[in-house]
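Novice: Given next are the chains, with one letter for each unit.
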Amino acid sequence: MATIWFCLVALMVAMYVLLDGFDLGAGAIHLWVAKTDEERRQVLASVGPVWDGNEVWLLAAGGTLYFAFPQLYASAFSGFYLPLMMVLWLLILRGISIEFRNHVHSLVWDPLWDFLFCASSLLLAVFYGAALGNVVRGVPLDKSGYFFEPLWTDFRLGPETGILDWYTVLVGLFTLAALLLHGSLWVQMKTTGAVNARSRTIAERTFWAVVTLTVVVTLISFQVQPQIRINFARWPMGYAFPLLAAAGALGVKFFTGKQNERNAFLSSCVYLAGMLTSVVFGVYPLVLPARSSDFSLTVDSAKAGAYGLKIGLIWWVIGMMLATGYFVFVYRSFAGKVVVGSSEHGHGD
Amino acid sequence: MNSALDVHRLHFAFTITFHYIFPQLTMGLALLMVYLKTKALRTGDEHYNLAARFWARIFGINFAVGVVTGIPMEFQFGTNWAEFSKAAGGVIGQTLAMEGVFSFFLESSFLGLFLFGEKKLGRIGHWWAGFLVFLGSWLSGYLIVATDAWMQHPTGYALGPNGEIQLSSFWGLVLNRWALWQYAHTMIGAVQTGCFVMAAVGAFYLLTKRTESYGRTFVKAGVLVGVAASLLQLFPTGDMQGKLIAEYQQPTLAAMEGLFASQPTAPLAILGQPDVEKRRLDNPLEIPGMLSFLTYRNWSAHVKGLDSFPEELWPDRIPILYYSYHAMVGLGTIFIAVQLLALLLYWRKRLYTSRWMLWVLMLCVPLPYIANTAGWMTAEIGRQPWVIYGLMRTAHGASPRVGAGNAWFTLIGFMGMYSVLAILWCFLMGREIHLGPEPPAAPGSSTASVAAD
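Chains as they are written, first to last, in my numbering: chain A, 7 to 355; chain B, 114 to 566.
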């Protein structure tokens, strides 16, 4: 039962990365793909009606983690106290820069929010990557089940780790590259004209960075986290996940060449899903590995009571079916390329 | 304020108080927007559609600030209250996760459609989008109140072999009697905020003689719904909430009322300052026997004062608790008086021309915010010294590894961030109210929009 919840939480996190990933990526390239006000409104309109729903996956995943693995929620969130708070601040800035921009039109108002949207999206992508890097590398948990990491120490993988060291920074940059690719494929799919052409250029350029970093980070991660080696050696079936990621990456290249924008974006989804499932498969049954000790939190040591997990499964399935229905409906309602007109987009313009 | 525990408490108190300024308006407005959309659908009058669109813009601003200040709340259980989360996550994580899965997805999906998709959806589709936003936000209200209600009055749980708290009855958690009454009281409080804001904006338009037809619509909706809400807030919801506290949180009731000595024919303190050292109320203005009557429906009933309980069971901030409670009740009484008076004038067809009444309605706008905040302070400070009443003390709930220095750092960060948000909110709200519900003059005339900016 705990393993089922481990998979479900991983699924929700993956949904968050796929969905909020494209609007984070769109934000991160915002200043470069869109130069004029009309172009910038194209980018914003491509994420405007959906970003909030995408971010709900983070909240829903957080809540699910809370009730299924309370010990993990308590240890991880209090241990990652400082970076988590900074992520929250960035989410606040990013949310208001999307929502407030269209209320006023002025030569000081618009550029301010465009800059904040872009900067907060960029930083969030790096922070999320660094967070993932921390989980893979392991944290200084002790027998109380808690830890507290400063933001950085000496940037080495020694016993006294900080949130940022060379490995987690590398994973952060890798995540940024992957989300830049994901976001530019989304913007390409949703826009026309100059924005479409520029996002295609960005997608082509970031593609090779993503491929290179994928290889480098994967090889290093096998060294950093021994559990990954153990799992892939024990269950060779697990190589299906990295192969899925490779197939996604090839798909991005193939469909970009064919100018099939929709399939190129979907391939990027497959790539991200393949990478995330590889990580999840690699660390199982650990949910929060400890640095060089026996205090790792596992699926079994962090889980909640059996009755709660069983009853949760019932409402979770119902709720997810409803949520999927809303998402299909909303994405169909806003399907196709965005058209930026003067009406239906804020008012007073 | 040097211990980490105090900083963690202030951290949560500050962020939740600021956050709740926004949902109380959006939950109230969601109901009023459904009212306006229904009127538009039934009368076919575009006036009500424009009115609804105006409030949808106000709703959008407040919803955005509510969302961005709400996300930190869910994470703060883990960041600042790790021991509490570890112990109780298996129970309250259920309602919190359900809030995400059942209401946030609903709300966020259909808000996008409600704000941006009016043309695509058509009249009936747009009404449904508005209704689903209302449903999502009110469902979210229930699940978060049920979470708090479990901390006030834990039900549906069992203690595991190592003392960990486990869920034992899903319906016991979800249909907690405390949650049902607290929800009714909270939501009617939100409707009051929505009504007073709508009436105040309407009164402002009538007083300044701008868009007066909308002014009348807003004042009317605010007063008609507001009268019902003010009365329901006192009885039965407020009354039942008080009875539950009298039953399950006896020291809290005594501290709220400033009753230090147990006595028959207990008086109700209207005014006075609690002096906790000397165990008495200074400058009391009291109604003899009233507290006995309100609590037990018997003028001479014996009511337990704080002296009936050991001091370690007393709420640890008695003066603030006492003042919050009295502010809430006092304001609630004023709301009933104001709304009934406005209703009387409406019935005599003099409401829209009585400038003094419009002034009163306009100036009342901060009061429901204060009353709602004071109500939550009464509930949460009243729960002390427990984080889960009777089960876990607040002092044992904080994160063991997050020191006071780090907690101050993030608290100051939130204060700075929220000050900026507050200024932006004032600017955007002022601007929307200034622009008003009528569409900008003639399409294509650039002078109108330049002047408006």
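Everything labelled a hint here was simulated from the structure, so no lab data went into it.
Since we're looking at a predicted model, the values are computed, not measured.
Certain hints may be false.
Straight-line Cα separation of at most 30 Å, DSSO-like style, residue types lysine-lysine; simulated pairs [claimed, not checked]:
#1 B/Lys232 / A/Lys41
#2 B/Lys232 / A/Lys343
#3 B/Lys233 / A/Lys343
Novice: Against each hint, give a clear statement of whether it holds in the structure.
Specialist: Going through the hints against the structure:
A distance of roughly 29 Å separates the Cα atoms of B/Lys232 and A/Lys41; the hinted pair therefore holds under the 30 Å criterion. At most 30 Å may separate the alpha-carbon atoms for a hinted pair to count; B/Lys232 and A/Lys343 meet this at roughly 17 Å. For the given pair, B/Lys233 sits about 15 Å from A/Lys343 by alpha-carbon distance, which is consistent with the 30 Å threshold.
Every hint, counting from the list given before, is met by this structure.
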